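Numbered per this note's numbering, the sequence shown spans residues 20 to 300.
Hints are supplied without guarantee of correctness; some may be wrong.
[Unchecked claim] With beta-carbon atoms standing in for the labels, derived distance ranges:
(1) R102 x D54: 46 to 56 Å
(2) P103 x A22: 47 to 57 Å
(3) V297 x Q36: 57 to 67 Å
(4) G144 x E33: 37 to 47 Å
(5) G221 x S37: 44 to 54 Å
(6) A282 x Y138: 48 to 58 Å
(7) P202 x T247: 15 to 25 Å
(8) S28 x G104: 51 to 61 Å
(9) S62 x A282: 29 to 39 Å
Treat the hints as calculated values from the structure; they're not laboratory data.
Predicted, not measured: the structure shown is a model, and the values here were computed from it.
Backbone N, C-alpha and C define an ideal beta-carbon position, used for all residues, glycine too.
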Amino acid sequence: HKALTRLLSETGAETAQSLVLDEAMRADHAALVQDALPGAARSFTEATVGRLRMTKVAEEFTRLKDNARIADRAMQAAWAAMRPGMTETEVADVVAESFAAAGAAPLFRIIGTGGNGAYPHHHTGRTKLAMGDAVVMDIGAGKDGFSSDITRMAVIGAPPEGYAEIHAIVERAVQAAMAAARPGAKAHEVDDAARGVITEAGYGDYFVHRTGHGMGVEVHEPPWITATSQTPLEVGMVFSIEPGVYLPDRFGLRLEDIVMLRADGPEILSDLPRDVRVIDA
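Take these sequences, add in the hints, and give me the full structure.
As structure tokens, this is what we get:
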């Protein structure tokens, strides 16, 4: 608190009349800033700076599309290198090398094999890929001021029991969300569509996060595709659609595409199909 007070004083902001909070910041950090500026009127980035960034123009779309292709190649490089006995970190290193070769800065590389994949934000580590594992692969990088983000699935040898069923359910959820994503729809309708498919299939309790988020300069920015978001979708918005099912101690399964909303619906940035990639031993 002392450091924040000093910073506000040094920047002349201790008498600020307006405070804009980022929806993605930690709640305790937001509370700290609000306590330091009790008289400031509060608003959120989605209604201010975030509102300006939610829709993209043609040049921005071109950069995002180029970055998506770089991420596609990094995913393919990882698939080509993956073998039983490799660690998650070694797979992530292949991804990073591919990004770097394309002039992109790696931002995140979630590689979750087997039961690790049941944690949506698993910290990539030293667990080795084993026969029968399903592997969640969520990667992204930054180049030319914009980001990429994609999630695909791989299996090492034969898939684990029940995998095909869950993959089909999540794919249907993606397709339902895509169909719901139309100009004028509320963001929650996209979440409702994906969540409805998974819930109807009996796995609603295992879909433990929002369906998507906006992407552009940052990997996570408005619009937020959540169960409560009333944000109207507009042509030019770029956001993820990424439903998932996470079965503790078994595997996780998430499929993610970044889309740009056009007048007739979403355009997918990635060229990679969402089919599972089978890694031969």
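Original post:
Which earlier hints turn out false for this structure, listed by number in ascending order?
Top reply: 6
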